[in-house]
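Chains as they are written, first to last, in the working numbering: chain U, 1 to 212; chain E, 1001 to 1305; chain Y, 2001 to 2660; chain R, 3001 to 3476.
Calculated directly from the structure, the hints in this document are not laboratory data.
Since the model is a prediction, treat every value here as computed from it, not as a measurement.
Beta carbons: idealized from backbone N, C-alpha and C, even for Gly.
Misleading hints may appear alongside valid ones.
[What the hints assert, rightly or not] For the chain Y half of the interface with chain U, some residues (derived, Cβ under 10 Å), not all of them:
(1) SER2207
(2) VAL2638
(3) PHE2643
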Amino acid sequence: MENLANLLLLLVILLNFFILGSSRLGACIQTAALQGAMLACVPLLMHPISGHTLFLAGSALALKGVVMPWLLFRAIRQVRIRREIDPMIGYVPTLILGTVATAGAFIFSDHLPLVAAHRGSLVIPCGLATLGAGFLMMITRRKALTQALGYLIFENGIFIFGLLLTEAMPLMVEAGVLLDLLVAVFVMGIVVNQINREFSSLNVENLSLLRE
Amino acid sequence: MTMLIRLFWHLALLLGLSPLLLGVIAKTKAGFAGRKGPPLVQPYYDLARLFRKDMVISRTTTWLFRAGPVAGLTAPLVASLFVPFGAIGAPLGFDGDLIFVIYLLGLSRFCTAVAALDTGSAFEGMGAAREVTFACLVEPTVFFVLIVLVRLTGSFSLGGLFGPALAAGWHTAAPSLMLAIFCMLVVTLVENCRIPFDDPTTHLELTMIHEVMVLDHSGPDFGMILYGAAMKLLLLGAMTVGLALPVSLGSAPLDAAVFALAMLLLAVLIGVVESVIARLPLLKVPQLLIGTSLLSFFALILLLR
Amino acid sequence: MQLLIVSWLLLLTGGILAPALGRRPLAAALVGGGSAALGSLAGLAMAAGALANGQTAGLALATTIPGLTLSLRLDPLAAFFLIPVHLLGLLGAIYGVGYLRGHEGRLPGLHWLFYNLLVASMSVVIAAANALLFLFAWEGMSLASFFLVVTEHREPATARAGLIYLLATHLGAALLLGGFLTVGAFAGGFDFSAFAALSHLPGPTASLLFILLLLGFGSKAGLFPFHVWLPEAHPAAPSHVSALMSGAMVKTALYGLVRFLLFLPSAPGWWGGTLMALGLAGALFGIAMSAFQNDVKRGLAYSTVENVGLILLALGLWLFCRGRYPQLAALALTGALTHILNHALFKGLLFLGAGSLLHGTGSRNLNRLGGLMRRMPATGLCLVVGALAVTALPPANGLLGEWFIYRGFLEAGVRLKGLAAFFPLVIVGLLALVGGLALLVFSRLIGIALGGEPRDSRTELAHESGALMLVPMFVLAGLCLAGGLAPSLLLGPVLRVAGMIEPPAAPLLAQAGLLPLWLGGLAQGLTLLLALTALLGRWRRPRRAETPAVPTWGCGYLFPTRRMAYSAEGFSELAGVSFFCDCLRPRIEGGRSVRLFPGREVFRHQAPDLVLEAGFLPLFAWVAARCNRLRRLQSGLVHIYVFYIFSVIVALLGWVAVRL
Amino acid sequence: MKTLLVLVPAAFALAAYLLPSDRLRAWLLPVGGVAHLLLALAAVITPEPLPVGAWLGLDPLGRLVLLLVSLLFACCSVYGLGYLRFRQQWGTRAFVSCLFLFLAAMSLSAMARHLGILWVAVEATTLASAPLIYFNRNRLSIEATWKYLLLCSVGIALAMLGILFVAYSVLPAPHISLQLDELLAGAPHLSRPWLRAGFVFLLVGFGTKAGFAPLHTWKPDAYGEAPGMVGALLAGGLTSIAFLALLRTVQIMNAAGEAEVARQALVVMGVLSLFFAAVFVIKQPDFKRLLAYSSVEHMGILAIGFGVGGLAVFGALLHMINNALVKGVLFLTAGNIHRRFDSKRREEVAGAIAVLPISASLFVAGFLAVTGSPPFGLFVSELTILQGVFSAGRFPLGGYMLLMLAVIFIGMGSTVLAVTLGKPSPRANQVNWNENFLTLAPPATLLLLVLILGLYLPEPVRTMLKAAAGTLEAGR
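So that you can see chain U by itself, here it is in the shape it has in the complex:
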């Protein structure tokens, strides 16, 4: 079971790279959805089946795998854009940075004073790597939509990390967290639409009227 989980997590990291590397928004969103779905399975592999884990897996699958991607798809369908043109820094450098971040995550997590139970698992490095990928996404992309996507991946990273500590978050709190997440992405979707209506493009450059 443990190894299976690690395998999934490895895949998650690979998906990070794919997202970082691809320019087609649709593909990115699909990948993010896939990533979410995979993550949804991980708790089942890591923890004994219980109501809590089932709920976690189910809701994660529903939200990260279905609802949120759907929201974003809706957004790009209305906005009618297909690909991210000229990011801040090209795709190859982004990928290199991503690799560096991932490697850093692995090295860093080796030095973390982990509990014996978690030494072998990829959870922490994978979580950190996904976090990094999310950050990288938000920092390097120009489109509001891709930044929202970056936020999604970022959240995935935190989710991964949270897998270690499911019992820290009681069911109700967990529900609240996920609800907040949903609302957040929902509002973001709305705002993206509004931006598109106002600016007729999603480049953040246009979103820099407010400055000193």
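Following the hints, complete the assembly by docking chains E, Y and R onto the known chain U.
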């Protein structure tokens, strides 16, 4: 009693001698010019005439205008009571009276300047401006000279400054005292609007300083101004003389005679200066005055060294 | 003590009631001005009583605010400084009622609210015995005076003045706050009773405190480089407020300086030296700038800078001689205190007089005035007395203080050995220069404004002010003359305070007590003689009944017009070209027409403050420019902002890891 | 009772959503606000016992924050009535219901005793307030909303990570709980590295929401573009909530004996914030953004106050109240001026005091108050903080604070005076709107409160502050 006697001698010298100095100066100048010149007592006649005349007053003026001559006469009169005439000690004097005396002269200057401005004439305003401006430069000089004496004698009253302590000072600090005398001389010339700084006898108002201020004064007022000016001359002259020869022959009449003689010599000297030196252009005057105050300053340094 | 508190309560209640009365000018003036007058009267009585019996009253209440106790203390020093505050508060209130009549704004009571607050807070500042209470009242004083300065808020000049004043006063307050907090940290409390602990501070700390306090108080007092607000704020404020600010508020800063210097350990020489240097610079700069101002009140403001300079000069000598030459210290202190009192009297008088001119002619510009001695004789008389006092001419009171200052420096010059005596003696010479310039400035003011013909058609219609405005001026003028003719009036309280601060110098002070006999007697004799001579002038009446009145002789110019009269600029031009450096000289634009048939020419003449124009404003501009570069950080690009967050995390994590 | 504090505003939000008429909906605001204020007062005056381990509850700190949030909201709701009357063009349904949700979320976070719930509530405040900023429906406001949403969400996500780290630091203990009391009880056994890392993430996360520099970047945009009353709620209420969340983590650090790290980190943030505020306040052309930077400044002062400890903590808590109240004054009056001149640029607005005498006077008074001039409360609180700093012997820090405060005073002063004094600019009659009771009474009330706090500290407030300071000083 002695106090009263002193006062008597003092006033006698002051009131009697001061116009004569003007006469002497005029005579000297005439002599240099090869003329016979007016009699020595001419200034007395002038004063008497002026005091008898009616006066004409500009209709723009107010009491400020009348206050000018009054202060111009009174202030030097009171001030002179603090200045020893040669060995004849000053009738009045207190610790720190030199400050009072200088500000008293300032009072007369203030009043005459304001009176001049009160006429509203551009020329008299100009004269007032020049008067007060040059005074700014003269006052430091006077103070530096007095400071030299203060430092030398350790006294703070004019009576003490020109007293015997000064005689002793001549042995120790002759050079700075020399400079001080020169500076006092210059001050005397400036304050009494003499060539090379000012020319009372010119007829071009633009070039005058003091005379142009009093253009509109007439009759008794003008008389007061002239008399006050004469007293001022005597006052500053007395300081110069006191600085030059701080000696006493013991008996009052003798001292008085010596002092009178010295004053007359000073008057002649002024006459000579007026005859041999040309009048300075107006804008050169401040430079010369600044130079003088620097000299007096230098005298101070010489003393402190 | 109770009387003082009563006066504060009067001031506060009246101040709060006045605006509550709404748009009823008369009622507001009655309540506001009346309460201000009554309150000040009570305070004045309190101060006089405390000075007379010379003992110290005290009071202390705890508050809920940490460090702050409502502790008051009224020793001779405080009582002495209370006198100008409440005297000018009283007279200013009476004057203000007349001055503001017809010019009330939308809410007439508002002015009185701030006026009363100003008087009350000044009084609290002086009576406070707790540093935080002092600061609290200090800030209240600054704010109240700020609102009074911006009374005519529609003029752009006023807005500028208000800003400059606010900045100056607030920066000063910040420095003071720093100083007080340091004091509190060392003394372990903010009550003056706890400050005895300061007497053995380590040298560097004491010096730091001295600098903080000097700058903090100096910025309010008009210490030389920080005087820039005075010439801006005084013209902007209503005249009775200018009188109060210049006569009393500036003095509270001097009070604070003296009060806190007494807490600090015995001063190293350079403290006094700095004070003297700055004071001298202020005196020279102030009077020189004053000579170039065409705005009457601006000129008076610069003259305040000069007089504060003189006071600080004397205080510097006192500080320098403390403990070394007790007698010198006593002389210098006496000079400073006397001049403080004198300045309050004559500067108050002059500002009220200038206000009366402004009220009568509608202009502060000397070149529009003229011939006002005929049209406003009472105001003119008061102004002349004030001018005599400020130029320290007998028989007015100004000479007394300056006499002590001169005397102190002369004495120092004699006492000190060798070249050390050089500085005091040079200062005496420079004091003489200052005196000469002061004479120039004020003969200019009197002669141009009061003498001659009106230079402007509106000035011809000038009217004399009403009794409400004249009475306070006459009171002040009377006090100025009384101070000159009977100096013991002034010297009595001064010597008591000086004796309190400098006990070792008691004998010399007793001897200095003889001085009034001389100066007073001389002044009396002089006035008598002046009167006599004046009569002598009248005595020989001209035979014809009245002396013929003719036009001034124009030296041959047949039709002299008022345009030909000597102008204010002309009067000080010679001084400017002959011995001021170019930077001080006024800027002159245009007016040089050379063509045969000259067209219209615009002539502009202004004397901006060098320190402000070439010092502070460029400095602020420089800082602003530097800051502008950093504004790019707020680039408006959201992904850059995310990057900030990221880098902060990395930095903090690194820091934590290092500390681990 | 506790639950009512959350449910009542939620119910009002629902009502506002269902209510058809805009006019009636506007009236919901004051009713709800006052009702909540009464509830909050009741909860503060008669404190319920706080059972150990409860997920919701009011400790002294929570009481303080709840009270000031509720007070501010009540004033803003009255103002909102007058405001919405003027702004009818867009429906007010979303606005009003979001306002109430915002209030509910803030009350919840003031009462949360469980880090998870705290996180949920704080995130909820972000989501509820985002639509409020977009009320004016234009390019600038949408941009501001987007930045606010993204940056705060990222920040909050980081806070979540921090919470997880803290939770991890409990391991290998068998039972992990994020309930505050239990955490504090077990604090001495937490694993230091995880705790510290967690604190860093929490500091950055909640710090982004509170607006420490350089995490403050969303602030000027959001405050500048939001309607005045929303600005007031964000600057006065939300920042206090964020600070409350931050103080919870500080509590844990104290209990764990890591107080030193927390304090130093706070001081560093404070110093940075003061610097940035000073830099951006100078020559600031937009008087609402100016207020935003002033808010950054005050976050910095608070951070330094809590970081220095001792007397400064008491001062900082007092300062939190004062800051919230005076921000209300400033934003509400600035809103009035903005509305009348239809501009918030310094070069376009002048002579406001002649056009809107009362608003402009209140604005100036608020400026003086916010820059710490007596007789207003901020003078007292800043003085107390500075006393703490100096008596702790940290003279350089104190001097730095004084310098920055002076610079900020100059910067703000030049803009505020330029806006209020002088001859009214031609735009003065741009909009036919005049100040009325509803838009003047709330800021006047708030200013009065600040004034009272400056002159005299009522005993109950004092005791409340003491108790709150006690909870923070515990474990030091």
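Each hint, compared with the structure:
1. SER2207: With a closest approach of 41 Å, the SER2207/Y hint is violated.
2. VAL2638: holds (6 Å)
3. PHE2643: holds (5 Å)
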